[in-house]
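Colleague: So the sequence lines, in the order shown, correspond to chains E and F.
The first sequence maps to residues 78 to 343 in this note's numbering.
The second sequence maps to residues 78 to 343 in this note's numbering.
Hints are computed from structural coordinates only; laboratory data are not their basis.
The model shown is predicted, which means the values in this text are computed figures rather than measured ones.
Keep in mind that the hints are not guaranteed to be accurate.
[To be verified] Now the in silico label distances, taken between C-beta atoms and shown as ranges:
#	chain 1	residue 1	chain 2	residue 2	range
1	F	G338	E	R99	19 to 27 angstroms
2	E	D106	F	A102	49 to 57 angstroms
3	E	H326	F	K333	40 to 48 angstroms
4	E	D100	F	K333	40 to 48 angstroms
5	F	E132	E	H326	42 to 50 angstroms
6	F	A97	E	G115	48 to 56 angstroms
7	F	D117	E	K333	36 to 44 angstroms
8	F	D231	E	R246	31 to 39 angstroms
[Stated by the list, open to error] Covered stretches of chain E, going by a simulated chain F footprint (3 or more residues, C-beta under 8 angstroms):
#	region
9	205-217
10	240-247
11	287-293
12	302-315
13	322-336
Just so it is clear, CB atoms sit at the ideal spot from N, CA and C, and this is done for glycine as well.
2 protein chains.
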Amino acid sequence: MLIIGEKINGTLKKTAAAIAARDAAFIQDLAQRQAAAGADYLDVNAGTASAGEPEDLAWLIDCVQAVVEVPLCLDSANLAAIKVGLERVKYMPLVNSISGEARRLEGVLPLVAERGCPVIALLLDDQGIPADVERRLAIAGRILDCTRQAGVPDERIYVDPLAMALSTRTEGALIALETMRSIHADHTGVHFCCGLSNVSFGLPVRRLVNQAFLAQALAAGLDAAIIDPLDQGLINMLYATELVLGRDHFCRNYTKAFRSGKLFLA
Amino acid sequence: MLIIGEKINGTLKKTAAAIAARDAAFIQDLAQRQAAAGADYLDVNAGTASAGEPEDLAWLIDCVQAVVEVPLCLDSANLAAIKVGLERVKYMPLVNSISGEARRLEGVLPLVAERGCPVIALLLDDQGIPADVERRLAIAGRILDCTRQAGVPDERIYVDPLAMALSTRTEGALIALETMRSIHADHTGVHFCCGLSNVSFGLPVRRLVNQAFLAQALAAGLDAAIIDPLDQGLINMLYATELVLGRDHFCRNYTKAFRSGKLFLA
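The shape of chain E in the complex, shown without the other chains (with noise of 0.2 angstroms):
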């Protein structure tokens, strides 16, 4: 699964600061704990500073890109933003994201079209978040319509089912794994990629429900997630939910993670 490093997010009010303040050693320290943790990407998010989104994201960029040598997730729901990080990237980056919402098709999906990169797609539209499995379905056809047209393979889709906070409907995370399961029998090969921390939203020991959420996750076809890389409890689960599910032959990826230090109890 690839795991793409949550941390640098401008929402988040210490990271917001930390932009608006110009501190590169407390960005920098994010990215290379998570590259070291093991990222496959890192979410670059500069907060929803309007005006000012494409450059706090470009400073961002070459800030981290200064330190590490991992592709960035360019995550934005502002077009000026995306293309200012498209220009700036030293890799190949996963676009965050399109969705169903007319805006988003017509001004991100070329860039990506044109670029060859991977993006995520949200399920939801101008009409917002569905509540039930069959019309995110019909909104993950209509993406698909979409990004084939424009010359984009399933491959490069990683579709997010949208999993919802459980202390507001017990079938939240539910609906997001049954739309998994039914995207992944008629489109074997679009990806899936989500975020776990909603589901757990407004419960105790939110990390013992994302843990659980990941578990099921993957059985359901997730192979990337936007997750804490310095999460041990989610880095163990997915180490043994892999090996369980019969993914880790003569469970080598498990013995290996293991002697390298990365699996325990804490």
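Chain E is fixed; fit chain F onto it per the hints.
Modeller: For chain F alone, kept in the frame of chain E given last:
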């Protein structure tokens, strides 16, 4: 899920010694701690002392029943021991086990049919444990033919799909998971029960692998497990997985378990 406490097991050295020495305090401590941790049944296994097993099991049962009010899981391959156990128990026990072996079907099945006990059914026969899903399903079919003919309703059968060590076979857990899914699809009344620790045999950080297997087994239909109810990681995973699978309405069980101090990261 039903939790069957596994700790009173005479195949373990210390417990065997306690049984031989008639050390009631040792056994009763195991019983009380498991009961306090919420075990629904306590497994009692007197070891494989051949001729002495019925007498040892009778002592174990008296010893446990003197201090806790929890039904027992009579765990023996010895027909005479099962008979003695059935005479001795205060509450309706779970019998561990029948299988596709002629000896078990002829010896144990009539006893559980007569008493109305729930019973664990191991998917093995006189040829041993089958390596593939298909032959396990065939054994399950033959066992269910017999139990139905004996008048035992499917709801009293706890099929053990026999999860095998991942260290010797990459698909050791997957075969058990697929077996449960297939049986569940064809025979919705049947329950599933298994031990978790076989899968992790020979691997490092075994408790982690057991947790990951529990998460997948719950999704595949497991509704009883022979586990250590004092293993915090398993109890955490049990509640969090039921929650993620949409089986915990309004998160009531999870939040209640948290408030009563049952859920925490070590």
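Colleague: All hints, please: hold or fail.
Modeller: Quick rundown of the hints versus the structure:
1. Our hint of 19 to 27 angstroms for F:G338 and E:R99 is violated, since their Cβ atoms are close to 46 angstroms apart.
2. Range check, E:D106 to F:A102: Cβ separation about 54 angstroms, and the 49 to 57 angstroms hint holds.
3. Here the CB-CB span from E:H326 to F:K333 is close to 41 angstroms, well matched to the stated 40 to 48 angstroms.
4. Checking the proposed 40 to 48 angstroms range against E:D100 and F:K333 shows it holds: the Cβ atoms sit about 43 angstroms from each other.
5. At roughly 48 angstroms, the beta-carbon separation of F:E132 and E:H326 lies within the given 42 to 50 angstroms, and the hint holds.
6. The beta-carbon spacing between F:A97 and E:G115, approximately 50 angstroms, falls within the hinted interval of 48 to 56 angstroms.
7. Take F:D117 and E:K333: their Cβ atoms lie about 38 angstroms apart, and the range 36 to 44 angstroms holds.
8. In this structure, F:D231 and E:R246 meet the distance hint of 31 to 39 angstroms, their C-beta atoms being roughly 33 angstroms apart.
9. Counting residues of the region 205-217 of chain E whose beta-carbon sits less than 8 angstroms from any beta-carbon of chain F gives 0, not enough to reach three: the coverage restraint is violated.
10. Counting residues of the region 240-247 of chain E whose CB lies closer than 8 angstroms to any CB of chain F gives 3, which reaches the minimum of 3, so the coverage claim holds.
11. Look at the region 287-293 of chain E against chain F: 5 of its residues bring a Cβ nearer than 8 angstroms to a Cβ of that chain, three or more, so the hint holds.
12. Counting residues of the region 302-315 of chain E whose C-beta sits closer than 8 angstroms to any C-beta of chain F gives 3, which meets the bar of three, so the coverage hint holds.
13. Chain F is given as covering the region 322-336 of chain E, and this holds because 9 residues of the stretch bring a CB closer than 8 angstroms to a CB of that chain, at least three being needed.
Checked against the numbered hints listed earlier, the structure breaks hints 1 and 9; every other hint is satisfied.
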